[in-house]
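Working from the sequences, and respecting the hints, build out all of it.
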Amino acid sequence: MEIFDLTIHELHEKLKAKEVSSVEATRAMLERIEAVDGQVNAYITVTPEQALVEAEAADKRIAAGDIAPLTGIPVGLKDIFITKGIRTTCGSRILENFVPPYDGTAVAKLKEQGAVIVGKLNQDEFAMGSSNESSYFGPVKNPWDLEVTPGGSSGGSAAAIAARTATATLGTDTGGSIRQPASHCSCVGLKPTYGRVSRYGVIAYASSLDQVGPLTRDVTDAALLLGAVAGHDPKDSTSVNTPVPDYAAGLQAGVKGLKIGLPKQYFIEGLDPDVKRAMDEAIALYKSLGAELREVSLPHTEYAVATYYLIATAEASSNLARYDGVRFGHRADDARGLKEMYAKSRAEGFGSEVKRRIMLGTYALSSGYYDAYYVKAQKVRTLIMQDFLNAFNEVDVLLTPIAPTPPFKIGEKLADPLQMYLSDIFTIPVNLAGTCGISIPAGFSAAGLPIGLQLIGKPFGEATILSTAYAFEKETQWHLKKAPL
Amino acid sequence: MKITRSEVEHVARLARLELSDSELDTFTGQMDGILAYVEKLNALDTEGIVPTSHAVPMENAFRPDQPADSIGVEAALANAPLRAESFFRVPKVIE
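If you read the sequences in order, they're chains A and B. Mapping the first sequence onto the UniProt record's numbering, position 394 (from 1) lands on 394, and the numbers just tick up by one. Mapping the second sequence onto the UniProt record's numbering, position 69 (from 1) lands on 69, and the numbers just tick up by one.
One thing to keep in mind: the hints can contain errors.
Stated by the list, open to error - With a straight-line Cα cutoff of 20 Å, these simulated SDA-like cross-link-like pairs (lysine to any residue) come out:
(1) A:Lys235 / B:Pro64
(2) A:Lys235 / B:Asn60
(3) A:Lys339 / B:Phe88
(4) A:Lys339 / B:Glu9
(5) A:Lys458 / B:Arg63
(6) A:Lys339 / B:Tyr37
(7) A:Lys84 / B:Pro81
(8) A:Lys84 / B:Ala80
(9) A:Lys413 / B:Glu23
(10) A:Lys413 / B:Gly33
(11) B:Lys40 / A:Leu383
(12) A:Lys413 / B:Met31
(13) B:Lys40 / A:Met385
(14) B:Lys92 / B:Glu18
(15) A:Lys84 / B:Asn79
(16) A:Lys235 / B:Met58
(17) B:Lys2 / A:Ser367
(18) A:Lys84 / B:Glu74
(19) B:Lys92 / A:Leu338
(20) A:Lys235 / B:Ser70
(21) A:Lys413 / B:Thr28
(22) B:Lys40 / A:Lys84
(23) A:Lys482 / A:Leu146
(24) B:Lys40 / A:Leu422
(25) A:Lys84 / B:Ala78
(26) A:Lys458 / B:Val56
(27) B:Lys40 / A:Gly368
(28) A:Lys84 / B:Ser70
(29) A:Lys235 / B:Gly72
(30) A:Lys339 / B:Lys92
(31) A:Lys339 / B:Pro91
(32) B:Lys2 / A:Tyr370
(33) B:Lys40 / A:Ala372
(34) B:Lys40 / A:Leu418
(35) B:Lys2 / A:Asp416
(36) A:Lys413 / B:Glu18
(37) A:Lys339 / B:Arg89
What the hints contain is simulated information worked out from the structure, not anything from laboratory work.
Next comes the structure, spelled out in structure tokens:
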């Protein structure tokens, strides 16, 4: 067992017992990044100097007896998180040289605990993608098979966990961007309820859907990292003022008598046989642990992808209007006049997936189409939310696959954006409903590729999905299997 | 056809995106396919359904109107592609 293999809670114990220093742990992680990230491309920017300064500060705190769960722990951040003095690209050429003047709230909270930031992680450009192929900084490779995508958009955040190049990472999830890569890389990824974690200092994609969450090696770490970043923030008016429970303390709650719903629309024909088998095994395990499983219905599931690609693109077209070459970001240097400067700077700065979504969103919001597309989608969103409310009147948690198939090959779905969008069918509804979901390792395909299991909770029901996930992890131990790297 | 090439050109102007001919061709085909797909929402009767803008009930978040620290002119201008004194410099606006 190397230092870089450890979980947050394992490394915490060693730091506390002074068996390992944060400087040693940080050096081990930086060496590991140096050794393997050339193959994986999980990092856009590595920050060794700052990391070692932070590690020394953490060691001083620990020596003084002041240690929080994340003190001295090497973490990576999706490059969507604004970091003071550290280049933040969001995977885009338009922000290639952007060095933010402040830290966002989630990052500030990690720093308050004394976490060590080792670098900024690769992602789909502006978090738009399901495969990490839209990054300006090149695709991320899946550590389980370097020809396969790690999923997206937080692909670097998931691949770094699987490659053991960060102890834990933060990602964001707008339509599945934490849970789907977690599933594809065999790690734990949690999308909290909308409003649970502040988005202040997180580059906006679709503001009614975006949430911040942890990607980790096990469920205990997800509980610790979520606890560190969750909570109300006066700087994010959409963050909700609800107390943050001690998620780690509640993990042992067990599943005896827990009502788990199986949405029939998620167990369809065409589900990959390996995924189906993993789900059947999970269902059998939960039964044997005393949970009560029953079928439920989410009748509007088939409309979720269409609803999402109208709402998310509309919001994106508005959010990304700020990239105009005036105050920060790329500016075309040969433009005549202001309007041409906008159009050229954006044309040069954005990649094709981002352009496509800005175009779709602009169309959906444009005069004559606003009611037919955008408002229609918002109404269907209401129906999808009601499906979840009705299901949660009957059950405590929903169990579903994360994706219809194991991770796909790099390049496989690039030519057909709609096919790529449809691969998010099981994660998107959770964002539309604004509730929470977690992906946990649930086995491997015949080809040895990871398969994830999704547990969906009631709004602000993170503690319940975490304890439900913990019960599964304790019995299966899939999370202990390491990628061959 | 859900969308024509000239409509795509119009949308690109609205979005302040200069697209090449081949991008216009590709996007016309792809947007047409995606718009045909989202057409399925019309199968649902949404008469009387209230649109959802945020999934969690939100109220306006008020705070006292008191001055607080800001990042300052130098930090705000540090990423400017072009500046002049304490301003962002842009090409001529009025033609």
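Output the indices of the hints that this structure fails to meet, ascending.
Violated hints (numbers, rising): 5, 6, 22 and 36; every other hint is consistent with the structure.
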